[in-house]
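Assemble the whole structure, with the sequences as input and the hints as a guide.
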Amino acid sequence: MSVADWMLVWKICLLGNIAAFAVMSVVVSIGGGYDLRRLFRRLVEDEDTTPSERE
Amino acid sequence: MFIVGVTGLSQEGWALPAVMSGLLALVLVYTVLGGMISVVVTDYIQFVVLSFGLLLATGLAVNQVGWEQIFTTVESEMGAAGFDPLVAEGTFGTEYVIWMAFLGLIGCAVWPTAVSRVLAMESTAAVKKQLTWSSISFTIRFLIPYFWGICALVYFVTVEPELGGLFGVGPLKDDQQVNALYAMPVFLGRILPAGLIGLVSAAMIAAFMSTHDSYLLCWSSVITQDVVAPCYGERLTAKTRVLLTRIFIVVIGIYILAWGLLYEGGDDVWDYMAITGAIYFTGAFAVLAGGLYWKSASSTGAFCAILAGGTAVFGLEPLRVKLGWLLLTAAGQEPTREAIDALLTSPRVGLASIGLTAVVFVLGSLLVPDRKNKR
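Protein sequence lines, in the order shown, are assigned to chains A and B. Read in order, the letters of the first sequence correspond to residues 1 to 55 in the numbering used here. Read in order, the letters of the second sequence correspond to residues 1001 to 1375 in the numbering used here.
Wrong hints could be hidden among the right ones.
[Said to hold, decoys possible] Reference excerpt, derived from the structure (chain B facing chain A, CB under 7 Å, subset only):
#	residue
1	S1076
2	M1078
3	A1080
[To be verified] For lysine to aspartate or glutamate, the following DMTMM-like pairs were computed, each having C-alpha atoms within a straight-line distance of at most 20 Å:
#	chain 1	residue 1	chain 2	residue 2
4	B	K1239	A	E47
5	B	K1239	A	D46
6	B	K1129	A	D46
7	A	K11	B	D1084
8	A	K11	B	D1268
9	A	K11	B	E1077
10	B	K1322	B	D1370
11	B	K1128	A	D35
12	A	K11	B	E1075
13	B	K1295	B	D1370
Hints listed in this document are in silico derivations from the structure and should not be mistaken for laboratory results. Since the model is a prediction, treat every value here as computed from it, not as a measurement. Every residue gets a Cβ at the ideal spot worked out from N, C-alpha and C, and that includes glycine.
So, in structure tokens, the structure goes:
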């Protein structure tokens, strides 16, 4: 491969991955927030469960 | 080093040890107190801050140095070696590319911090989803910092060549006086506006913390559950295990701080990390691949492979030089430093270690099969 070909490879690699990461950042930031809220809610529910109820 | 570089602190003296110690102490506190929950929350916050900081900083870096200028400057400074990793005049080569490809696979599939997250997930469907999405962030976490380094090179060659000379690049490269690792954070410190420097620095601190809390929790859990607990049968209570895990977190934290401050080797930081990781993952990979896909794999083969993986330690510069000296002397050749560096590169030692663990795994399994296989 020539230098020009390699330049094109790296340009596509860089731009493609940055674009994918930008989309993923938005999705994960929003979705992750909901997931954490669900996690904390479950932890609170688990803590509220009495030992007798657990058995 | 990033924090020291981007804030303009002196690379000599107290700044680096103080930053390392302070950040590590912070990580130890919340990891000991919060365990996996604190790791998850920190990782989420780190991801949000880091991802937007990365994207903004990258946009500003490209805007500062110019998109096409990046490629033309790299070509003029480094020629084909700036783009083709396999070219002979470059510093990488085929061995290095194979070594890095293997590391990439290991980083996703075998590395304990990745595996410990996977094992903490609620279902295999969630695991598959997580690994699919995180493959993008795995790529970006390497790609963007490297790209920033490239932008730093272009900046110091084209915009501030006097400063570039201090880092050993550009027309004044013979004047190098500063470790080139500081070039990228100094570059970001110069191009980012005040608020964004804070955001990117916070993102890097968060990344540091996220990395360390995962490692501390992972390895302390492994030592507690897989080394100490089996010695006591089922007698260790959950409370005792948690206490032991917390103690090991602190002990490991103190050890890595001491080692980080005291060790002085000649390898690049990334190569050092690859070699020290290889001590574990060369054997672990053979065990994982063989255990999953080969019916004749045995426990003896697995133990032998794990032990053989320890040979990767010879990739570290002090040991590599001694081993090279021994090999060349035994072969009747003059053991000059150039001859040693040509014979034993760290990728070559790493790849040899992988080969050795595979051979040892197969031989050990064939010679000492597990009892059930004999039936």
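Let me make sure I understand: some of the numbered hints might not hold for this structure. Which ones are they, in numerical order? Those not satisfied are hints 1, 2, 6, 8, 10.
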